[in-house]
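As you go down the protein sequences, you meet chains A and B in turn. Numbering of the first sequence is given in our numbering, commencing with residue 4 and proceeding in unit increments. Numbering of the second sequence is given in our numbering, commencing with residue 3 and proceeding in unit increments.
Any given hint could turn out to be false.
[As the list claims (entries may be wrong)] 30 Å max Cα-Cα, derived DSS-like pairs, lysine-lysine:
| no. | chain 1 | residue 1 | chain 2 | residue 2 |
| --- | --- | --- | --- | --- |
| 1 | A | Lys45 | A | Lys59 |
| 2 | B | Lys59 | B | Lys16 |
| 3 | A | Lys71 | B | Lys73 |
| 4 | A | Lys59 | A | Lys71 |
| 5 | B | Lys73 | A | Lys45 |
| 6 | B | Lys59 | A | Lys74 |
| 7 | B | Lys73 | B | Lys59 |
| 8 | B | Lys73 | A | Lys74 |
| 9 | A | Lys45 | B | Lys11 |
| 10 | B | Lys73 | B | Lys11 |
| 11 | B | Lys59 | B | Lys11 |
| 12 | A | Lys74 | A | Lys59 |
No lab work stands behind these hints, which were simulated from the structure alone.
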Amino acid sequence: GESVGLHLPTLSVQEGDNSIINCAYSNSASDYFIWYKQESGKGPQFIIDIRSNMDKRQGQRVTVLLNKTVKHLSLQIAATQPGDSAVYFCAETHNYGQNFVFGPGTRLSVLP
Amino acid sequence: NAGVTQTPKFQVLKTGQSMTLQCAQDMNHNSMYWYRQDPGMGLRLIYYSASEGTTDKGEVPNGYNVSRLNKREFSLRLESAAPSQTSVYFCASRGGQNTGNQPQHFGDGTRLSIL
């Protein structure tokens, strides 16, 4: 069956450093991927998305990379700030589907 | 702009009690969703509504029912609560039915404990 997972359950980085959060997926038909940020006590918040016809997409301080060959997705956060501390989820779907598959999340801690 | 609003934010039930979780969105979205989030697991889809008047089962529908009351509102009902339904429940909405890939927008959740 299809699944979306994360390589590291926790990640600690120094303030100002770059962060890289990884995600693996198993469904080769997946064609739409999303990264969400979830702060304590709140719902997931959309960060950035990417379609399978792209390898890279950039937002404000964030970049998503997609490697379809190895079915791997990553989120890069530049100059990590204390406000970036949260749990980050990847999610995927395919064929414009309604069923999104979510990974369990990586907790990012930013050290002063 | 409130986005997705869920009520209540917290609730404690006894086993066997019933309850309805409310969700409303003000973004004129067609699709709405109910998820549960358990420790160490990703969000799991309970039910969704692709458009007003339609509902479909997700990954974990057993023990739940839903109602798409109108375009804005999508409720989740537990008819006879069980301890295994202790979880955080999230409602989400998404844009047009056939407007291509779009992300979901989430509410801040209902924290439900069943004793």
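Now for the hints, and whether the structure bears them out:
1. At roughly 28 Å between alpha-carbon atoms, Lys45/A and Lys59/A fall within 30 Å of each other, so this suggested pair holds.
2. Proposed proximity of Lys59/B and Lys16/B is supported: the alpha carbons are some 25 Å apart, at most 30 Å.
3. Note on Lys71/A and Lys73/B: the hinted pairing is violated, with a Cα-Cα distance of about 36 Å set against a maximum of 30 Å.
4. Straight-line distance between C-alpha atoms of Lys59/A and Lys71/A comes to about 11 Å, which keeps the hinted pair within the 30 Å bound.
5. Simply put, Lys73/B and Lys45/A have alpha-carbon atoms about 24 Å apart, close enough for the 30 Å limit, and the pair holds.
6. As the CA atoms of Lys59/B and Lys74/A are separated by approximately 27 Å, the hinted pair is consistent with the 30 Å bound.
7. Under the criterion of a C-alpha separation no larger than 30 Å, the hint pairing Lys73/B with Lys59/B is consistent with the structure, at around 18 Å.
8. Between Lys73/B and Lys74/A the alpha-carbon distance is near 36 Å, which puts this suggested pair outside the 30 Å criterion.
9. For the suggested pair Lys45/A and Lys11/B, the alpha carbons sit about 10 Å apart, so the restraint of at most 30 Å is met.
10. Taking the CA atoms of Lys73/B and Lys11/B, the gap is about 22 Å. The hint holds against a cut of 30 Å.
11. Annotation: proposed proximity of Lys59/B to Lys11/B holds, straight-line Cα distance about 24 Å (limit 30 Å).
12. Simply put, Lys74/A and Lys59/A have alpha-carbon atoms about 14 Å apart, close enough for the 30 Å limit, and the pair holds.
Hint compliance for this structure: hints 3, 8 are broken, all remaining hints hold.
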